[in-house]
Each structure stands twice: as C-alpha cells, then as structure tokens.
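Participant: The primary structure of each chain is shown beneath.
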Amino acid sequence: MKKAISINVNGVTHQHEVEPRLLLVHYLREVLGLTGTHIGCETSLCGACTVLLDGQAVKSCTMFSVQADGANITTIEGLAKNGELHPVQQGFWEQHGLQCGYCTPGMIIASAQILERNPNPSQEQIRHGLEGNLCRCTGYQHIVEAVEYAAKKATGSH
Amino acid sequence: MAKYVGQRVKRTEDPRLIKGLAHYVDDIKLPDTLHVSFVRSVYAHARINSIDTSEALKASGVVAVYTGKDVVEKIGPVPCASALPDLKVPDYRVLARDKVFFVGHPIAAVVATDRYLARDATDLVMVDYEDLPAVVDVEAAAKGGTVIHESFGDNVAYKLTAGEGDIEAALASSDHVIKQRVVHQRLAPVAMEPRGVLARYFPGEEELTVWSSTQIPHLLRTQLAIMIGIPENKLRVITPEVGGGFGSKLNVYAEEALLGWIAMQLGKPVKWIETRRENMQATIHGRGQVGYIEIGCKNDGTVTGLRYNVVADLGAYHQLLTPAIPTLTGLMLSGAYKIPAIQINVTGCFTNKMATDAYRGAGRPEATYVVERAMDLVAAEIGIDPAEVRRKNFPAASEFPFHTATGLDYDSGDYEAALNKAQGIIGYAKLREEQKKARDEGRLVGIGISTYVEICALGPSQAMPAGGWESATVRIEPTGKVTIMTGASPHGQGQETSFAQIAADELGVDLNDINVIHGDTGIVQYGIGTFGSRATAVGGTAVLVAIQKLKEKASRIAAHLLQADASRLAFEGGRYSVTAAKAAAAGEVSEPVVPIGEAPAGVLPEPQTNGKSSVTIQDVALAAHLAKELPPDTEPGLSATYFFEPKNFTFPFGTHIVSVEIDRETGDLKFLRYVAVDDCGKVINPMLVDGQLHGGIVQSIGQALYEEVVYDDQGQLVTGTLMDYALPKASQIPWMELDRTETPSPVNPLGVKGVGEAGTIGATPAIVGAIVDALAPLGVKHLDMPVKPETVWRLIQQ
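Going down the list, the protein sequences come from chains E and Z.
Every letter in the first sequence is one number past the one before it in the numbering used here, and letter 121, counting from 1, is 121.
Every letter in the second sequence is one number past the one before it in the numbering used here, and letter 632, counting from 1, is 1632.
Be careful, since some hints might not be right.
Estimated spans, in silico, between C-beta atoms of each pair [said to hold, decoys possible]: (1) Z:D1712 <-> E:T13: 49 to 55 angstroms; (2) Z:P1789 <-> E:K81: 42 to 48 angstroms; (3) Z:V1072 <-> E:M1: 39 to 45 angstroms; (4) E:Q15 <-> Z:D1098: 37 to 43 angstroms; (5) E:R117 <-> Z:P1789: 50 to 56 angstroms; (6) E:T13 <-> Z:N1515: 36 to 42 angstroms; (7) Z:P1636 <-> E:K81: 45 to 51 angstroms; (8) Z:R1794 <-> E:E30: 47 to 53 angstroms; (9) Z:P1636 <-> E:E19: 56 to 62 angstroms; (10) Z:D1739 <-> E:R117: 45 to 51 angstroms; (11) Z:V1072 <-> E:S122: 48 to 54 angstroms; (12) E:S6 <-> Z:M1723: 53 to 59 angstroms.
Covered stretches of chain Z, as calculated for chain E (at least 3 residues, CB under 8 angstroms) [said to hold, decoys possible]: (13) 1006-1015; (14) 1223-1230; (15) 1485-1498; (16) 1509-1520; (17) 1733-1740.
Quick caveat, the hints were computed from the structure, so don't treat them as lab data.
Ideal Cβ placement from N, Cα and C applies to all residues, glycine included.
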C-alpha cells in the first residue's frame, strides 16, 4: 500500500507515492536522482547519508521517506547557493578535507550544522561534532582544518 | 623552480566531490536495471544438502535465481595470482556447491526488478545445511584437526623459508636472545564505499561492460574475460569514482564475474551494491598473523640475527594475492637495520573465515611491527634507550644501495637524519626527563618510537605476478588541450592533480588545460592499477617519460614550422623559440603568438607561424593534426605512450615518535604528542602527501587501539557491522605533527618513493611501544593489539 508524501528538497517540493518502507536515502537517490547522499553502513554509524531535515542533521539511511513527509530537506546538492560554494565546501577544497570523497557529502553537511550551532568551534568541539561521521582516508586532521577555515570564512575573518 | 611540482596545489577532482555530483557505481543508472541480492552462508563450515529456490522464484519481481550448479560449468574459478612453490589452491567457485567454508560464502544470487524485492526473495531461498566443525584458531589449524579442503589432507596451504645468513650461528653467538610471540589481528579494510558492480551486455555487438569499484580495472578485465569466457577485446571495465580501497578492491571477486555473466544471460543491466554487512563478511580482510620472534644481540645492542616463525591465517580460499602477503613480511624483516642473518618461516594456513589479502601495507606493517617491537625488546633487555638501539643498527647514508639479509637492495636513505629530526621536533631528551618526573609522581607516561622503512613502487615485473610497470599516454588535442591517460587507477590519492602537476610543468601549460583520464579499459591503454604505493613512482614516471617522448616529436615539428634546426630550439613556458643567437642573425623579431585556445569555438585556425621566431606547443599540436606542414616522414598527430618498467622497488622511511599517558583508574589512553618525520623521496604535492600520512597513521591507531575482526569459536563473525567493528573517530585522534626529510630515489627520474602506506606501516609499533613503555614500571614488556583500556586496566589492577 503506497502512501503519498510531499517533501521539499533543496527548495523544490516533490510529491510521490512511495512504499512505507522506502528509506529516505533511497527516496533521495533513486526517486529524485540526488545521488550525492551516500550509503556507507546502514546502521547510522558512518554518517555518509547525512542530510539536513528541517535544519537538523539526520542520517537518511535509518529513516523512512514517509517520516519526512512535509519536511524541508537540504542535501549536498543544495548546499551551494547561486553557484557559490558553501564555506564548508570551500574549506574542504582549500584544506584537502577529502580524498576518495565518499564520506564527504555527509561530513560537509555535519560540519555545516556544527558551525550553525557554534560559529567559532574549538578543534575539540569540531572533533566532537564529527563523531557521527566516519572517514577512512583523511585521518580527520584536514577535515578539522577545513571546518576551521569555513568558520573563519563565514565570520569574515578570512 | 617548477611552477606546479612541489607546490600545494588544490585538487582538480574536488569540485565534483564536494558538490555531490561525482558518480560512484551505485550512482550510475541504466534503464531497466535488475538488482541482485545474495544468499550467503550463515555457517562457517557446513555441507549443503539441498537448495530450494522455488518459493523465491515465485516472489514478486523476481526474474531469476542462480545457484552453484547453474554456474559451475559456466564461470571459471576466482583467481589467485600467487605462484609459490607447492601452493595448494582450492577450487574457488563464484557460488558454493556442496559445502560452504565461511560465513558470508555466496550460495545463491537472486535477481529482481527492484533491490528491495531482490532482498526480500533471498529469505525465500531454502538452504538445508549440515553443520560441520569450524576451523577458527589458526595455530591449531596448522597442527591438525578438521580439514577444510579434504583433498589436501591438512590445512597447510604452503610452507616457506627465506632469508640470508647463518641464523643458527648468529643466534648462538649472541650475548642475548630475546623471544616474543606477537599477534597481528585480522583487520577489515572498510573502504567507506562498499564494493559494487553494474554490468550491461550488448547482444548485437556481443560486448559486455562492467562497472566495478576496483583498484585494478585492466587486471580485472583480463581475469573476468577468462572467468566468463568472453573475448577480452569485447569486455570493457570501467571504474567510476571509487570510494576508497586500501587493498580491498585490489582483487577479483566472485560477484564481479557473476554479475557480468548474469547480464549476458538476461540481456538487461544488473546491479549489485554490497551492504556493509556483506562487506565485513565477504570482502577481504587484512593481517591475520601469529608469529614468534627470536632476536639476538650483543651486549652493546648490536643486532646479530632475527628469526620469525609465523602462521598466517589465510582464510578458506585464496583471493588474488592471499598467499603472497606473508612473503612481503619476510622481505621487510630487516627493517631499517643492518641484521647479518635473517630467517622467516611461514606456514600459510586455511581457516573457515574470509580470505586475508592486501590491506594497506600488506605484509609490511607486520614486518615493521615485528622488527620495531624486537628493537624495543632489545633496548629493554640491555637497558639502553630505544632510540639509541635503533641508531646503533642503522646503515649509514653512505652505505646505500644497502643489501639486506632478506635479499633486497634499499635504493637510498638517511635513517639517522629522520630520527634526529623527529627527536628534535618532539624534544626527545626533555620528554624523557618529563617522563621520569611523571613516573616519580606515579603517572603512567610512555614514549614510543618507530624508525621504519617500507617497500614501495611495486615493482619490477620480475617480482610481480602480473607486470610491475605502469603506462601513460599523453596527447595534445587540436585545440591545445592536454589529455593524459594513466594505467594507474586512483581512488582518492589525487593523481588527477599530481599527474597534471607533472605534465603542466613539463609542457609549460596551465594545470586546468590538462585532463587526466583513468579507470576505463575502453579508453585507456593497458595498465596495472593503484596499489602498493606505486601510482606516482611508477605511473607518474610513465607520464613524465611519455611527455618527453611527445616533446621529441613536437620539437622536430616546431623546428620545421620555424624553419630552424631542432638543435637551435629552446623550450620554455610551453613555447619553442629559436635561440637568441640564431634569431638575431636572421633578423627575426620575437612576438607573442595568439594561443590556440582563444580561437572562436568551432573554428580551427591555421597555425600562426609565418615569420615568427617561436611557436607554442599548442601551435605544434594543431600543425601535427592538420598535417599540412610537417617534416618529411612524420606521423600526423601529437601523442605518445610510454610503459615504465622500474628496475627496483623504492624504500621510503621515517621516524614516528609518540607520547601517551594512561589513566590508572580506567586504563584509557591519552595521546600527548604525535610527531612523524617521513621521507618519501621527492614530493609532488605536499598537501596530498600529508593527507596520505594522516590517513595511514589513523588506520595504524585503529589497529593499535580499536580494530579487530572477531570470529567466535563456531566461526561466526562477531564484528559484522560498524557497531561492532570499531573504526577510529575524529575525537580519538591526536594532532599529528608532520615533517619530512627528502632523499630522492634513484629508481625513477621523478625521485619519488611513494607514500600511500607509510602511515599504516610506521605508526603502529610506535603507539604500542608507547603503551608498553608507559606500563614498563609495572613490568610490562609486550602487549597484543588492539590494546584496549580493559586489557590495560586489568594489568594495572594486577
């Protein structure tokens, strides 16, 4: 029995009939074709599937799309505004905060949330804020520097 | 000075990745794609009495179900490329037939119109198992008990002895012989992108395309062609974006062949995306050795000999390089030291587990751990500082190339320089004083040190199972844009950028005018791939030499265009100029040439050479393509291909020093400092080198403190998800203070050595050494990994 849902993703409202068991991440990837959100573990641990749901970073691999009915979602594809990269995206590029890039969309979304809550986080606060996101390539150090870069950029001190 | 090489150039691959616009396998969508889900063994060792697929075949959306009997005559065995003498090689079929040998062993493939429906139907495949005793403990397996592959008679896949020097005499003449058992626990590589395959068959053309998340597109093509029986020139393997490999995708897997074959049967695209649970069960593991060290030394700390008897836990089957991994351990047992006699005795043993194979470092972390732990044991035995024991046994910088008793010739090195630099940065003497003070206060503070050497740039073809060279084609297109095709297959290492840096400097063009193409056997000439820290040293050199070849031709054409003798031309900044002396003599005036790239779209201008004293390499490229004004007997076009065969491996090295403090109440560890001085030869892009080291060191921290693949005594995989297999998190990692020495390698003209695995090789023993040092006042001399707070806490309680 399919259920009708209406979800705003990156500023565009989509209406679909979906199976109740369809995961949000599969809705984004398969139905909407937004494949920037990745799946890395299916158990909410790696954070590759992180998206913003009504402003909160959530793991879209452990949420049904019907649970997001009526929500506003931002995925990695919607983070840049008017062709300009989000400061966190700029930070990741400038500071080599990514290698294989697979965890990157989730890392960037989680980092954006860290900065939204605390525009000037310490390294320790950044590391704590990224505990829900795993990266196997970078050893995190350049990611921490990327977030610091973004913080400075966003507060105009860059 | 080079404009790009050596500079911190931002990666050209990043924009697509940070915008979420890159394409990994699962991001590629083809119309009418069918989805495959696997039925996998829930037992470690069992007989299959029967498989009933009838209910699954009736399920919604199911198109086909395949079991072992359907494919045994159709698809060849999963290959093993290791050719060790008397190696026992079990017949490894893509789906199990009569028996299953490990948890996760594929039994049936269910194909359905939707991935949810495919997964649903796997539950309807009824497998009647008869449980058999599982072989789990590798040391016990080596001695006897249940035999996994009955026709072999026992579980020993091979035995191997290697090394030079008289080890018996060396140990007998030592003042001290120290023995220690060491465990290198099984690890899971856990690339963040699990494996995935998409296959599409074109019946009219009789061509098969396989997209796979692999590190070795060409080697995979060759092996899949053999397995499936399709002509290799009708098979195209594409590696789109690959989300990490760490050796786990340096392989040929059952699923890759099966997907290709199923696509041919059904005439529709088929896709399989590995779940993380499947990844933990059925993607190769790393390490898995239990060994016994015997090291001899003189009273002054001079090492006389080293013997390492090791049992390697191979798992149930050989994957591509499974048996070869411990041989790399044997090769690197001399570490950074002069050891006159070395012997390794390997027993490779089958167990009812997933195969072990190359995981970042692949045999070398084990060797480094053995040698570095042994040096610490020597230091403790004779009571001198671990740094000094190491210094005493280094070959001097003047002794390179340095021959080891493991049969290698280290290319270049200055081990003491790296040690001195690391000691300087961390303030070693002061650190030891502070440690003494802390100990007096009852605090558990430890300092660990590792002066590693590793073997990279794999490698000369004589030493490799399927070629050790790498290829590159460099082409300048009519519009002046540069295309590079590399046989390496980068998947995060950043060679789209670093190879472009090499090319931009050599050709004098803008970095952004270069496109580096890789990972498509339909486009790129045969290559070997990315593993063994080889891509830059071997593949980067191929790029460099291909450009040099291209420029030989370009300079002949330029001379013709400028009506000058080629020997009178100078090439600089992307421009061939008649040297000043000649220009002046001929009364020519130098003036800028309009770059071809600025011509209006759709119009190819004539090369602007008349009366000029210089032409750009883009002018030459256009002239080469138009072919109206070429020197006699010159082939049109401007491209060159080169296959670089290295004459030796390279041997990067370095010193890692780490200080830690252990909480007496909890056994928990706190990093105080982490200093790493690494020497990977010449550096193309320091930012990328740092990134490689950071990642490698953190994987070492994972091995030292957190990670372990655990099978219970029934062979059940206990660490089957990331809930149970503990990867290091950002909050658990110290700030890594990196520095470098730079000793160029003489093995390749770039002077680079490789850096992909250094962190995973160098760091682990330093961390374990620091913990052991912290606990030394309690009489601790060695601890097995992962060193968990619980273990440490229990020790403290005793």
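Participant: Which of the numbered hints above does this structure break?
Facilitator: 4, 5, 10, 11, 12, 14, 16
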